[in-house]
Each structure stands twice: as structure tokens, then as C-alpha cells.
Amino acid sequence: MENIFDDVQAKLTERNTVRKKFYSILVEALQNVFHHQNHLLAGQPRIAVYDKGDKYWLITGNSISNNDVDRLADRISKLNNLTHDQIRQLYVDSLASTELSEKGGAGLGLIEMARRSSNKLEYQFKPLENNVSYFCLKITINKTNE
Amino acid sequence: MNNLLIEDSVKTPAISFNGQSGKLELRGKSIPENSLEFYKPVFEWLDQYASAPAANTELAVRLEYFNTSSSKCLLDILRRLELIQSGGKSTVKVLWHYEADDEDMMEAGEDYQALVNLPFEMVQD
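Taken in sequence, the protein lines are chains A and B.
Positions 178 to 323 (my numbering) are the ones given, in order, by the first sequence.
Positions 3 to 127 (my numbering) are the ones given, in order, by the second sequence.
FYI, nobody ran anything at the bench for these hints, they're computed from the structure.
Don't be surprised by glycine CBs; every beta carbon is placed ideally from N, CA and C.
Straight-line alpha carbon distances no greater than 30 Å define the calculated DSSO-like cross-link-like pairs of lysine-lysine that follow:
{"#": "1", "chain 1": "B", "residue 1": "Lys25", "chain 2": "B", "residue 2": "Lys95"}
{"#": "2", "chain 1": "B", "residue 1": "Lys95", "chain 2": "B", "residue 2": "Lys13"}
{"#": "3", "chain 1": "A", "residue 1": "Lys229", "chain 2": "A", "residue 2": "Lys255"}
{"#": "4", "chain 1": "A", "residue 1": "Lys297", "chain 2": "B", "residue 2": "Lys13"}
{"#": "5", "chain 1": "A", "residue 1": "Lys315", "chain 2": "A", "residue 2": "Lys303"}
{"#": "6", "chain 1": "A", "residue 1": "Lys229", "chain 2": "A", "residue 2": "Lys315"}
{"#": "7", "chain 1": "A", "residue 1": "Lys229", "chain 2": "A", "residue 2": "Lys297"}
{"#": "8", "chain 1": "A", "residue 1": "Lys315", "chain 2": "B", "residue 2": "Lys13"}
{"#": "9", "chain 1": "B", "residue 1": "Lys13", "chain 2": "A", "residue 2": "Lys232"}
{"#": "10", "chain 1": "A", "residue 1": "Lys320", "chain 2": "B", "residue 2": "Lys13"}
{"#": "11", "chain 1": "A", "residue 1": "Lys229", "chain 2": "B", "residue 2": "Lys13"}
{"#": "12", "chain 1": "A", "residue 1": "Lys297", "chain 2": "A", "residue 2": "Lys232"}
{"#": "13", "chain 1": "B", "residue 1": "Lys25", "chain 2": "B", "residue 2": "Lys42"}
{"#": "14", "chain 1": "A", "residue 1": "Lys232", "chain 2": "A", "residue 2": "Lys255"}
{"#": "15", "chain 1": "B", "residue 1": "Lys42", "chain 2": "B", "residue 2": "Lys91"}
Okay, the calculated beta carbon distance ranges per label pair:
{"#": "16", "chain 1": "B", "residue 1": "Leu7", "chain 2": "A", "residue 2": "Gln301", "range": "46 to 56 Å"}
{"#": "17", "chain 1": "A", "residue 1": "Ala225", "chain 2": "B", "residue 2": "Phe45", "range": "32 to 42 Å"}
{"#": "18", "chain 1": "B", "residue 1": "Leu7", "chain 2": "A", "residue 2": "Arg248", "range": "39 to 49 Å"}
{"#": "19", "chain 1": "A", "residue 1": "Ser295", "chain 2": "B", "residue 2": "Pro121", "range": "30 to 40 Å"}
{"#": "20", "chain 1": "B", "residue 1": "Ala57", "chain 2": "A", "residue 2": "Ile224", "range": "43 to 53 Å"}
{"#": "21", "chain 1": "A", "residue 1": "Glu306", "chain 2": "B", "residue 2": "Leu85", "range": "48 to 58 Å"}
{"#": "22", "chain 1": "B", "residue 1": "Ala57", "chain 2": "A", "residue 2": "Asn296", "range": "42 to 52 Å"}
{"#": "23", "chain 1": "B", "residue 1": "Glu105", "chain 2": "A", "residue 2": "Glu299", "range": "20 to 30 Å"}
{"#": "24", "chain 1": "B", "residue 1": "Leu7", "chain 2": "A", "residue 2": "Ala273", "range": "24 to 34 Å"}
{"#": "25", "chain 1": "A", "residue 1": "Val226", "chain 2": "B", "residue 2": "Ser11", "range": "17 to 27 Å"}
{"#": "26", "chain 1": "B", "residue 1": "Asn4", "chain 2": "A", "residue 2": "Lys229", "range": "47 to 57 Å"}
{"#": "27", "chain 1": "A", "residue 1": "Asn296", "chain 2": "B", "residue 2": "Glu101", "range": "19 to 29 Å"}
{"#": "28", "chain 1": "B", "residue 1": "Ala102", "chain 2": "A", "residue 2": "His261", "range": "17 to 27 Å"}
Could you build all of it, start to finish, from the sequences and the hints given here?
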């Protein structure tokens, strides 16, 4: 994973704070894929970064059990309906009450990405075989700090 | 007691905890997938330090960024410092460093300040 971070960092030319923002989101997105990708399920994990002029798109993909689809969709759409301050409060409340999972996840990755991104998270589920879907997540990062 | 000195790595910060002076520092990046593994010895050291702390304990947080897994461990470090403070044997202070235009890091410091009962000094670098 380290090589991906270094490669991306070498390509970003924006000022430091946008780079840090991008980097933080990248870390969360990749570590979510790392924690949630089930290697027994179909669908290779993927990550792509697109330079879209005034913003970047960070897109990740991983397989997910169909049992988890509704809950995940629900979490994301709830986040998308919150203001920045509400997301921040949700993060703080969750941080205070959460315990680390055995894999080290804090359950805060989505909230953190929503908070840092200041744009709605976009997502899609594509059904595969055997009660498995492929989950794509797109995070939009503005190149100017706002 | 012995100092805790851990060199920084690609994903983990440098830890310099001095049991005599009470000066504790976290410096660098904290992005391990499983932060519990990394921070376990830090917690253990703090638990030991708590039994005989320096008169003044000062934690300097100088992190470029940290992942959400680490954010939980950071909170656990601060909670331990809270206990040390309420133990009455040491006055505790947190110095939260952030770069001049890094609003995210500044906000993170404010979040922790709201969550723990410790004096925080926000330091702009």
C-alpha cells in the first residue's frame, strides 16, 4: 500500500493542505477496502484517481456481502444529508463511544471521508454472483480549500 | 522509569516519552491499519508512568495526519492523561501543534479538547 501513497503524493502539485486532505482521504478509503474486502468473495479490490480540473475523484471498489448492502447504503445517504458541522459532531460522538474492531477499524472511515471531502459521497452496488455485490465509492476532493 | 523511544516509520509516528521530565511527544504520521498493535506499548508505558509521574506532564502532539484507527488510540492516550491529572500527582497539559493553514488538524485538536478534561494549548507552526 505504501507505494500507492508515495506515487499519488508525487503527482499532487497542490498546496500542502489540499495534499494532506487528499492523502487522509486516500488512507481511509484504502484502509476501508483493506478491512472490508473479503478475499473469499468475487470482485478484485480497485482504486483509481482522476484529475478533473478543479477537483479530484477518488474511486474505490471492493466486494461486499449482499447482507451488508442496505446498511451501508443507509449510512452513506444519512451522511450525505448532514451539514459539515453535523458530520463533525457525528464524528466526535462516534469517536467517544466506539471501540476498535479486532482488525483495528474504528468505524469512522466513512464519516471522516465525508467530513474531509465537503462533497457528497457517491456510491453504487453492482450485484455479482453468490449473494455478493461490488461496492464502488467515489469521493470528490476540491483542489481549492473551501 | 525508562524512557519510551520509538523511531518513526512510514506509517507510525516517533514516540519520545521521558519519564523524568514528564515531556511526552508524538511526531510524524500515524496511519497503521491496526493502531492497537502499535499503541499498546504506549498505553502500557503510560499506565506505569501514572504510578509515579513527573510533577508536570506535557504531551506535545506534532502529527501531520492520522487515520481514524489512530484517532481512537489518541483518545485513549488523552484519557490516560486525564486519569494522571485527576490522580493529583502531576499537572498535565496538551500542546496540539498544527500547520498554519491546516484547518483539519486544528479542528481535530478542538474535537479532542471538547472530549477530554485537560488543558489544551493550540500551537500554530
